[in-house]
Amino acid sequence: MVMGDRMHFVVEFCRLLIVMIFMVSAFGKSGKGHLRDFTDTVAQLTSNRPARPIARSVVAAEFAVVALALAPPTQAAGLLLAAILLAGFAVVAEFAVRTHRPVACHCFGGTDDTMLGRAHVVRNTVLAGVATAGFFGTVFVAPRAAAGLTLTAGLAAFAVAAPLVRWPDIRVLFADTSI
Numbered sequence: 001m002v003m004g005d006r007m008h009f010v011v012e013f014c015r016l017l018i019v020m021i022f023m024v025s026a027f028g029k030s031g032k033g034h035l036r037d038f039t040d041t042v043a044q045l046t047s048n049r050p051a052r053p054i055a056r057s058v059v060a061a062e063f064a065v066v067a068l069a070l071a072p073p074t075q076a077a078g079l080l081l082a083a084i085l086l087a088g089f090a091v092v093a094e095f096a097v098r099t100h101r102p103v104a105c106h107c108f109g110g111t112d113d114t115m116l117g118r119a120h121v122v123r124n125t126v127l128a129g130v131a132t133a134g135f136f137g138t139v140f141v142a143p144r145a146a147a148g149l150t151l152t153a154g155l156a157a158f159a160v161a162a163p164l165v166r167w168p169d170i171r172v173l174f175a176d177t178s179i
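Start counting the sequence shown at 1; every next residue gets the next number (the UniProt record's numbering).
Calculated from the structure, these hints are not laboratory results.
Any given hint could be a false lead.
Taking CB as the label site, the calculated pair distances span [claimed, not checked]:
| hint | residue 1 | residue 2 | range |
| --- | --- | --- | --- |
| 1 | F136 | F158 | 16 to 26 Å |
| 2 | A61 | V126 | 16 to 26 Å |
| 3 | V160 | I54 | 25 to 35 Å |
| 4 | A147 | H100 | 41 to 51 Å |
| 5 | T74 | L155 | 22 to 32 Å |
| 6 | R98 | R52 | 17 to 27 Å |
Note that this is a predicted model, so its numbers are computed, not measured.
Where a beta carbon is used, it is the ideal one built from N, C-alpha and C, also for glycine.
With the hints as constraints, model all of the structure from the sequences given.
Structure (structure tokens):
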């Protein structure tokens, strides 16, 4: 692999990882009853502010990231939006940690009752870095990559995305279950 191919691989990996994460997140929150659970989480974090419009706006922005990051002319915009959202998510998680608010995550929809914590801050900060790297790579590296390289980057992104979105389930497997 020549240097240009490596850069294309990194850019495609970043872009596809972000697309996968946001796709799972947006569709997960849109599922049956999951938007209500996410809205409840937003309400706990925002005190008296209107939680429903905020929650719906977050989900709409997540869908926008997916659509923008997939379309070649708007990939940079999608990655920039993702970086901004992820930085915001990290700040919100840090706020929950610092104020000792026991708030359920519902980051990816579903019935996950994991409380927002330091792991969420780290995850969202790292993903914001990935989105930022993808943004700059998209802006400064030629946007077209060979199909085989994109497929390989997609498989690598899936290998990283799958455990990230299922982390609470994986963590339970390794939890102390002594009787």
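If any of the earlier hints don't hold here, list their numbers in rising order. No numbers; nothing is violated.
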